[in-house]
Amino acid sequence: MRSGILPTMIRTFIREAGFVLLVTATVLLLVVTMSCGYDSNGPYGPPSPSAVEGLWTSSGSNPAVLRLAASQLLATGPITPATAITSSSAALSDLNGIAFDANGTLWVTSESDSTLVGFAPTLLSRSGSTAGTIVISRNNSSLSAPMALAFDRKHRLWVANSENGTLVRFDPAQLAASGSPVPAVTISGLGRPAGLAFDAAGSLWVSDSRRFKLASFSEAQLETSGFLVPRVVISSLAGSMATPSGIAFDADGNLWVSNIGNQTVVGFTPAQLAATGSPAPHVVLSANAGSLSIPTGLAFDAEGSLWVMGGTGALEKFPKASLGVSGAPAPSVRLTFTNYTLFWNVAFWPKPAVLPLN
Numbered sequence: 000m001r002s003g004i005l006p007t008m009i010r011t012f013i014r015e016a017g018f019v020l021l022v023t024a025t026v027l028l029l030v031v032t033m034s035c036g037y038d039s040n041g042p043y044g045p046p047s048p049s050a051v052e053g054l055w056t057s058s059g060s061n062p063a064v065l066r067l068a069a070s071q072l073l074a075t076g077p078i079t080p081a082t083a084i085t086s087s088s089a090a091l092s093d094l095n096g097i098a099f100d101a102n103g104t105l106w107v108t109s110e111s112d113s114t115l116v117g118f119a120p121t122l123l124s125r126s127g128s129t130a131g132t133i134v135i136s137r138n139n140s141s142l143s144a145p146m147a148l149a150f151d152r153k154h155r156l157w158v159a160n161s162e163n164g165t166l167v168r169f170d171p172a173q174l175a176a177s178g179s180p181v182p183a184v185t186i187s188g189l190g191r192p193a194g195l196a197f198d199a200a201g202s203l204w205v206s207d208s209r210r211f212k213l214a215s216f217s218e219a220q221l222e223t224s225g226f227l228v229p230r231v232v233i234s235s236l237a238g239s240m241a242t243p244s245g246i247a248f249d250a251d252g253n254l255w256v257s258n259i260g261n262q263t264v265v266g267f268t269p270a271q272l273a274a275t276g277s278p279a280p281h282v283v284l285s286a287n288a289g290s291l292s293i294p295t296g297l298a299f300d301a302e303g304s305l306w307v308m309g310g311t312g313a314l315e316k317f318p319k320a321s322l323g324v325s326g327a328p329a330p331s332v333r334l335t336f337t338n339y340t341l342f343w344n345v346a347f348w349p350k351p352a353v354l355p356l357n
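Quick note: the sequence shown, position 187, residue 186 per numbering that gives the first Met the number 0, numbers continuous.
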């Protein structure tokens, strides 16, 4: 099994802290009347809300795809996933990215064996061993330790390859059947892309955990392969970004970044993201009595609260009211999991209608 730099770093942090990395997961409080993002023109029908809705994530140490139901997100304490799916379609034994397409199919990257797996909505309603509906294998270096996923507004899937520093695009037709397709677009030149998120204008933002930077490619740039100069590059200022991992936009267009290296979460305003530079983050959230320990995945719920997945096993909720100024706010909810470790990304279904494409 491939042993990557980031998994090793996370294990090192845990060992030094004296913790066992527990599974963490994030789930937004779902609003029944919100748009679920279901595309009636897609190949699959809408999933059953009671069986599929909630937070989905992937454990790398005890490989499984996991779901937390919305009702499980209301109170602090230990928790058992509502759904746990194992699969022979991919190893899933390291830091794996996940994302839903518009039809409710869950896509998972398997970092250790460079595989991409899609699970149709009908497969997500029960626990147990499940083969993927679609399995995409590498074609030369098309998939190279993939760690993050994001769909654009045209329903094309973007994958961040941490090993060879590329972003690749698979179009819907290429995701319709198993195989080893050549990506429709390949963008090279990144150090170690770790997180992906789209802003409201359709630009793709990437966190680079090796160079401690954020890079943005415009919607027009995403049509062309090659070594592209990013539209905007945001560099670290006095340690403002240290091994940046997960990124997510809130409803106001602020970009939030989790920093494994210094145990913080930082926010940049739209104005700060408009041009290349090294701005000081608008907001810096620091640890409070063990919170934000090895923060990796980020996601916003429909109420504007920020959920942070932590490497020591804590899923933490920070209400919108606590995100306006720098400080060390205590999370309002803190959940911990047993038997699962090595978590990276999270994805919500249904997607909050108020957010950009994350």
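There may be inaccurate statements among the hints.
Said to hold, decoys possible - Restraint-style ranges between C-beta atoms, simulated for each label pair:
#, residue 1, residue 2, range
1, P77, S136, 43 to 49 Å
2, S177, A74, 19 to 25 Å
3, S70, A320, 38 to 44 Å
4, N261, A130, 39 to 45 Å
5, T275, K319, 40 to 46 Å
6, E222, L73, 42 to 48 Å
Hints are computed from structural coordinates only; laboratory data are not their basis.
All of these numbers come straight from a predicted model, not from anything done at the bench.
We put the beta carbon where it would ideally sit given N, CA and C, even for glycine.
query = Failing hints, ascending?
reply = Numbers 1, 2, 3 and 5, in rising order.
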